[in-house]
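> Here is what each chain is made of, one letter per residue.
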Amino acid sequence: MTAARSARKGTLVAVISTLAVATIVAISVGSSPSWPIVQKAFFDGTYFSTSLPEVVGAFAINIQLFVLAEILILPLGLLIALARSITNPAFTPLRIFATIYTDFFRGVPSILVIYVLGFGVPALRLPGVPKEPFFWALVTLVLIYSAYVSEVYRAGIESVHPSQERAARALGLTRVQALRFVVLPQALRRVVPPLLNDFIGLQKDTALVSILGVVEAFKQAQILKSANFNFTPLMTTALIFLVITIPMTRLLDRLAAKDRAAQQGGAR
Amino acid sequence: MARTSTRDVAVLELHNVSKRYGRTLVLDKINLSLREHEVVCLIGASGSGKSTLLRCADLLEPVDAGSISLNGRAVHADDRDADATRRQLGIVFQGFSLFPHLTALENVALAPRVALGLSADAAARRSRALLKQLGLAAKANAYPDSLSGGQQQRVAIARALATEPKVLLLDEITSALDPVLVAEVLEALRTLATNGMTMLIATHEMAFAADVADRICYLESGRIVEEGTPERIFGSPRDARTRGFLKRVRSVGAGNAR
Numbered sequence: 001m002t003a004a005r006s007a008r009k010g011t012l013v014a015v016i017s018t019l020a021v022a023t024i025v026a027i028s029v030g031s032s033p034s035w036p037i038v039q040k041a042f043f044d045g046t047y048f049s050t051s052l053p054e055v056v057g058a059f060a061i062n063i064q065l066f067v068l069a070e071i072l073i074l075p076l077g078l079l080i081a082l083a084r085s086i087t088n089p090a091f092t093p094l095r096i097f098a099t100i101y102t103d104f105f106r107g108v109p110s111i112l113v114i115y116v117l118g119f120g121v122p123a124l125r126l127p128g129v130p131k132e133p134f135f136w137a138l139v140t141l142v143l144i145y146s147a148y149v150s151e152v153y154r155a156g157i158e159s160v161h162p163s164q165e166r167a168a169r170a171l172g173l174t175r176v177q178a179l180r181f182v183v184l185p186q187a188l189r190r191v192v193p194p195l196l197n198d199f200i201g202l203q204k205d206t207a208l209v210s211i212l213g214v215v216e217a218f219k220q221a222q223i224l225k226s227a228n229f230n231f232t233p234l235m236t237t238a239l240i241f242l243v244i245t246i247p248m249t250r251l252l253d254r255l256a257a258k259d260r261a262a263q264q265g266g267a268r
Numbered sequence: 001m002a003r004t005s006t007r008d009v010a011v012l013e014l015h016n017v018s019k020r021y022g023r024t025l026v027l028d029k030i031n032l033s034l035r036e037h038e039v040v041c042l043i044g045a046s047g048s049g050k051s052t053l054l055r056c057a058d059l060l061e062p063v064d065a066g067s068i069s070l071n072g073r074a075v076h077a078d079d080r081d082a083d084a085t086r087r088q089l090g091i092v093f094q095g096f097s098l099f100p101h102l103t104a105l106e107n108v109a110l111a112p113r114v115a116l117g118l119s120a121d122a123a124a125r126r127s128r129a130l131l132k133q134l135g136l137a138a139k140a141n142a143y144p145d146s147l148s149g150g151q152q153q154r155v156a157i158a159r160a161l162a163t164e165p166k167v168l169l170l171d172e173i174t175s176a177l178d179p180v181l182v183a184e185v186l187e188a189l190r191t192l193a194t195n196g197m198t199m200l201i202a203t204h205e206m207a208f209a210a211d212v213a214d215r216i217c218y219l220e221s222g223r224i225v226e227e228g229t230p231e232r233i234f235g236s237p238r239d240a241r242t243r244g245f246l247k248r249v250r251s252v253g254a255g256n257a258r
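Quick note, the sequences are listed as chains A and B, same order. Count the first sequence with my numbering and you get residues 1 to 268, in order. Count the second sequence with my numbering and you get residues 1 to 258, in order.
Just so you know, not all the hints are guaranteed correct.
Simulated DEER-style distance windows between Cβ atoms [what the hints assert, rightly or not]:
#1 A:A256 - B:N195: 47 to 53 Å
#2 B:G95 - A:F135: 34 to 40 Å
#3 A:V25 - B:G95: 54 to 60 Å
#4 A:T249 - B:Y21: 45 to 51 Å
#5 B:D78 - A:F135: 44 to 50 Å
#6 A:V116 - B:H76: 47 to 53 Å
Honestly, the hints are just simulated from the structure, not real lab data. Given the structure is predicted, the values throughout are model-derived calculations rather than measurements. We put the CB at the ideal spot given by N, CA and C, even for glycine.
Please work from the sequences and hints to get the whole structure.
Written out as structure tokens, the structure is:
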């Protein structure tokens with residue numbers, strides 16, 4: 001009873017203090033002489049409502065990009081991680097290739113890769129090579145994020161204690177069976193939170209491909225901004241991104257908390 | 001000591017087996033053979049080579065010299081069919097090494113299903129029977145982290161038996177357990193011995209070894225210094241090193257050499 005009451009009291013205090021601070025901020029910002037100018041340039045109601053449908057429509061491109069990219073990245077990242085984990089000396093070239101790949105794409109600015117692949121390759125006019133910006137946007141995001149995701153997978157695989165593989169091999173499982181039934185199930189469970197984290201990054205980075213002329217939400221907002229000399233459409237875009245990414249970050253927090261609880265309490 | 005009666009077919013035989021880690025010689029020309037239904041206990045201080053001997057016998061580690069035969073056929077860790085050989089051997093580790101993402105039943109059923117190719121039903125049936133035999137029928141659907149150490153170790157024994165191995169190798173399987181739990185695991189092993197399971201047991205439990213073993217091997221510095229019946233090894237050890245070890249063990253307390 002007392003615990004519940006003090007919890008309720010705590011919530012009340014939190015609400016009051018938050019409201020108080022928010023009011024003070026609102027009043028002081030709103031009463032500042034330059035606020036009307038800022039509001040007109042960034043938070044204009046009319047521009048918001050006219051830009052919203054257009055930006056949301058363009059955001060469909062962002063969604064297509066990151067959904068397609070995620071579908072491709074999940075298996076590709078795993079393959080690269082496995083290529084780096086093979087100890088068989090015959091596969092050394094594959095391992096070296098996978099290492100160079102991850103080093104390169106993790107170490108180079110995304111926008112540079114997008115620029116070079118998206119403008120450079122179509123400019124070669126090679127027969128049979130697609131020229132659509134969307135295609136190259138997808139390719140570059142997959143290349144870059146597969147490198148990140150493969151490292152997440154690899155960390156997960158390495159976090160499974162070697163005694164697990166040994167126990168599986170001792171039972172007569174082959175190396176591949178031990179990986180498939182013992183190591184990977186444990187590794188994949190552990191990498192869900194960091195994978196989600198990378199996907200949040202990917203979702204935001206879909207805006208980078210606007211430099212290729214793909215009219216996604218950010219590009220659409222830029223077009224509207226230039227037409228009206230008003231930044232509000234960009235704020236609209238920011239809002240749409242937040243609507244997608246904030247639930248994901250919250251989910252991520254919850255998963256991480258659950259993980260901690262499981263580790264501390266052994267609860268399952 | 002010479003190999004026991006060459007007439008009997010050895011199930012598992014180590015011939016002049018040597019193993020080194022870097023420059024350290026961990027096994028030095030080990031000769032050991034197990035006949036069917038025989039229980040052999042390896043005793044000796046930590047670092048004497050008991051665990052390495054078991055791992056080499058299970059083909060988890062390649063040997064540097066000598067040979068290992070199973071049912072009279074030479075086998076090696078680097079063999080193409082080493083996995084098939086391992087299915088004929090069961091090993092239980094000191095640290096259980098259960099698969100934490102699988103229930104007790106799934107832990108036991110994994111090898112029959114995946115390595116032996118049994119149907120899911122047949123694997124589950126076999127696993128249930130084994131869990132029941134080890135007094136764990138009620139824990140079939142429990143995950144390892146909700147089981148006590150003794151229960152976990154019994155699941156590990158059931159798991160090792162699930163491929164119906166010809167020999168069971170046990171590597172100090174009670175060392176990580178508190179004394180109350182040791183009893184239930186040793187009891188399970190006694191039942192296996194009574195049922196005729198061929199076992200090679202590395203142990204610090206001298207009273208248990210004396211009780212269950214047909215033969216005791218005392219290891220020191222990677223060598224079998226002395227072997228014989230429990231009565232002889234514990235009653236009248238011939239080698240000064242064996243006498244010294246047993247004296248140290250006894251002074252520490254009732255059969256616990258740690």
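> Between A:V25 and B:G95, is the Cβ distance one that fits in 54 to 60 Å?
holds, 57 Å
> Taking 47 to 53 Å as the stated bounds, is the beta-carbon spacing between A:V116 and B:H76 within them?
For B:H76 against A:V116, whose Cβ atoms are near 52 Å apart, the range 47 to 53 Å holds.
> Using the beta carbons of A:A256 and B:N195, state whether their distance is inside 47 to 53 Å or not.
Distance hint for A:A256, B:N195 holds at roughly 48 Å.
> With respect to the beta-carbon atoms only, verify the hint that B:D78 and A:F135 lie 44 to 50 Å apart.
holds, 48 Å
> A:T249 and B:Y21, beta-carbon distance inside 45 to 51 Å?
holds, 48 Å
> Return holds or violated for the Cβ distance of B:G95 and A:F135 against the range 34 to 40 Å.
violated, 52 Å
Of the hints listed earlier, the one the structure fails to meet is number 2.
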